[in-house]
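Novice: Sequence lines, in order, name chains Y and U.
Under my numbering, the first sequence has 56 at position 56, and the numbering climbs by one with no breaks.
Under my numbering, the second sequence has 468 at position 468, and the numbering climbs by one with no breaks.
There may be inaccurate statements among the hints.
Stated by the list, open to error - Distance ranges between label pairs, derived from CB positions:
id: 1; chain 1: Y; residue 1: F67; chain 2: U; residue 2: P184; range: 33 to 41 Å
id: 2; chain 1: U; residue 1: I485; chain 2: Y; residue 2: V17; range: 51 to 59 Å
id: 3; chain 1: Y; residue 1: T93; chain 2: U; residue 2: A51; range: 53 to 61 Å
id: 4; chain 1: Y; residue 1: H100; chain 2: U; residue 2: V474; range: 30 to 38 Å
id: 5; chain 1: U; residue 1: I333; chain 2: Y; residue 2: I33; range: 34 to 42 Å
id: 6; chain 1: U; residue 1: A51; chain 2: Y; residue 2: R29; range: 43 to 51 Å
id: 7; chain 1: Y; residue 1: A74; chain 2: U; residue 2: P184; range: 24 to 32 Å
id: 8; chain 1: U; residue 1: A534; chain 2: Y; residue 2: L81; range: 49 to 57 Å
id: 9; chain 1: Y; residue 1: T93; chain 2: U; residue 2: P531; range: 33 to 41 Å
id: 10; chain 1: U; residue 1: P270; chain 2: Y; residue 2: T93; range: 25 to 33 Å
Unchecked claim - Take a look, some chain Y residues computed to stay more than 10 Å from chain U by CB distance:
id: 11; residue: M4
id: 12; residue: T5
id: 13; residue: I6
id: 14; residue: H10
id: 15; residue: L12
Because the hints were derived from the structure by calculation, they are not lab data.
The C-beta atom is built at its ideal place from N, Cα and C for all residues, glycine as well.
The chain contents come next:
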Amino acid sequence: MELMTITTTHYLLLSAVLFSLGVMGVLLRRSAIIVFLSIELMLNAVNLSFVALSKHMGSADGQVVVFFVMTVAAAEVAVGLALIVALYRSLGTTDVDKVHELRG
Amino acid sequence: MPPMSLQELGTMARLMSMPIFLAFVGLVVLLSDLIFNRDDERRWPAYLTIAGLIGSLFLWVQSWLVYNLPETDNAFFAKARELLRVEALPQPELLFGGMYDPVGFFKLTLLCNLIIVIVALVVTLIAPGYLERRDLQRGEFYALLLFATVGLILMVGSTHLILTFLALELLSIPLYILAGFARPDLRSEESALKYFLLGSFASAFLLYGIALVYGATGTMNLYEIRAILAGDIQSGAPQILLVNGQNNLMVLGGLTMLLVGVGFKISLVPFHQWTPDVYEGAPTVVTAFMVAGTKVAGFVMLVNILVAFIVLYEWWWPLIAIIAVLTMLVGNIGAIRQRNIKRMLAYSSIAHAGYMLVGLVGLPVFPNIILPTLSLYLGVYALMNLGAFAVLMALEEATDREIVELEDFAGLGRAHPVLALLLGFFLLSLAGFPPTAGYFAKFFLFTGTILSAQRDPSLALQQWLVVAAVVLSVISLFYYARYIIAMFMTAAPAVEDDEEEFEPERPSWMVGTAVAVTAMLVLLIGLFPNPLLALFQ
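So here's chain Y without its partners, still in its complex pose (with noise of 0.2 Å):
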């Protein structure tokens, strides 16, 4: 059996694999932590998609990219959580499905 060679189209389609399952998520799941964390999922996918189209063309923008969204995810995250905790403290859950007081 010939070894498989991984190539830079591999990494694109296991990004766009993850990608998808990060939208799937956010479309599918109720907890807002989860749907949270679809999120981050569909970001980190896009960080796999900027490092391998980086490598392949040899130009060093794409990695940089990858620092700012980094840097950006956390920042959300510290918004998200903070977020979250304080809607769960005045209603006691976090489902989405949950959270209706705005309606029209």
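Put chain U on the given structure of chain Y with help from the hints.
Specialist: Same frame as chain Y, now just chain U:
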């Protein structure tokens, strides 16, 4: 990149002075919260913010003059030229490593910077009273507002997708906090959570789009992307993936993802569902900021992206046309059902996004007509909405109760005739009723679109878009007028005797200034639209 001389660095700092200065003011305001912690000092962070924003208006005038000083022999202008001289007016690629363009296509960026500062200024003027009524005086409000403003300014001027993403986040993260600022009010918390989850979901799409575009073209600079797609320059990257011609799947996928990400932010159909909920639940002053500021900056971002992909015009214009029709329909029909003015304005902002998209369809044919009219529309749109919110705040201050539902408006025309008239004026302007500023903004935008449709026969469909837009804006008069009818033609609900004694208060000077400034600007634009448009061109 060659090393930068000190002089070049100075020029760069001067042309980027607005965001730098505002970020600095934001930090000062954040720190000032430590000093002003007595109850009677709660307004000082707001005063500092106002001072900072007025300062940045001067910086804006300075950068406007750098690019627009008339070349006459007039002694005054000669002196000004000497004072403001920028050695060899920098090319866009000079600023910030080619990431930031302070002027933009047809001065779109420069003008939108002014709109953004005015938006922040008006919001800061109406905020203190509202925050006091709801017992939310915390100094970080103004710091967050300023950081979001810096995000808006960078977003508008960004010519590099990295900066676009970072600026968008710099805007969004403070806004998530501001939307939930009224905690532990459940509605505010819910609004913040929805905004946060959907906003970061959209950012992830935007980011994936950036990755795909980067993979296909080897660059993230919007100017370079445009040149590469047009075949003007070769990509710098040695082994480019898949780039062969324009109809490359990766480029199209990337562009689609970018449009999804931006579409979420400016609430285009089908990515609009979050808008009414978030706008209703957020504190009203934050809603004003989101309606006016975010939408304007997001639109400029969309224009910048579409211009970079102008070669793929044939591919994206049907998409934009379909989204425009859907957005107008959903916005207007949705607004009819609303009996809460914040939700109504949310849907109306969706409808206005649709009108502006109609204008964008003609972008490649007549950019020199479409872009100035679009910036006029953006400015008028922001001012009308801000004005409506400012009057709303003044009314709440004067009546000392919350005015949100349609029933709350009953009898206001008798109790507070001036404010009620002003609110009516802003609502009519939003509906595009002649001869208000809103009417002229629509008129110019739609005329430009028709002109471009006549120039290019393949765009004949556009004329029907304009017809749809005009019909729908006539329908929109219905839901705006409902509030005017409620104010002037409905009797006030019977009140208990002890409340009868209540003397109507005059709104405070801050809210009063906000109302006066917005009303004056909308009135001026409505009276003299032509010279203003000439200024933009």
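Novice: How does the Cβ-Cβ distance of Y/A74 and U/P184 compare with 24 to 32 Å: does it lie in that range?
Specialist: holds (26 Å)
Novice: A range of 33 to 41 Å was offered for this pair. Does it hold for the Cβ distance of Y/T93 and U/P531?
Specialist: Since Y/T93 and U/P531 have Cβ atoms about 58 Å apart, the given range 33 to 41 Å is violated.
Novice: Honestly, do Y/H100 and U/V474 meet the 30 to 38 Å range at C-beta?
Specialist: Holds, at about 34 Å.
Novice: Is the hinted range of 51 to 59 Å satisfied by the C-beta distance from U/I485 to Y/V17?
Specialist: holds (56 Å)
Novice: Given the hint of 33 to 41 Å, check if Y/F67 and U/P184 actually sit that far apart at their C-beta atoms.
Specialist: Once the Cβ atoms are compared, 36 Å apart, the range 33 to 41 Å for U/P184 and Y/F67 holds.
Novice: Tell me if the beta carbons of U/A534 and Y/L81 are separated by a distance inside 49 to 57 Å.
Specialist: holds (51 Å)
Novice: Take a look at whether the Cβ-Cβ distance between U/P270 and Y/T93 falls inside 25 to 33 Å.
Specialist: Holds: the Cβ-Cβ distance is about 28 Å, inside 25 to 33 Å.
Novice: Just to be sure I understand the hint, the distance between the Cβ atoms of U/I333 and Y/I33 should be within 34 to 42 Å; is that true here?
Specialist: holds (35 Å)
Novice: Kindly confirm whether 53 to 61 Å is satisfied by the beta carbon distance between Y/T93 and U/A51.
Specialist: violated (44 Å)
Novice: Y/H10: least C-beta distance to chain U exceeds 10 Å?
Specialist: holds (13 Å)
Novice: Between U/A51 and Y/R29, does the beta-carbon spacing fit 43 to 51 Å?
Specialist: holds (47 Å)
Novice: Is the nearest Cβ of chain U still more than 10 Å from the Cβ of Y/T5?
Specialist: holds (16 Å)
Of the hints listed earlier, those the structure fails to meet are numbers 3, 9, 15, in rising order.
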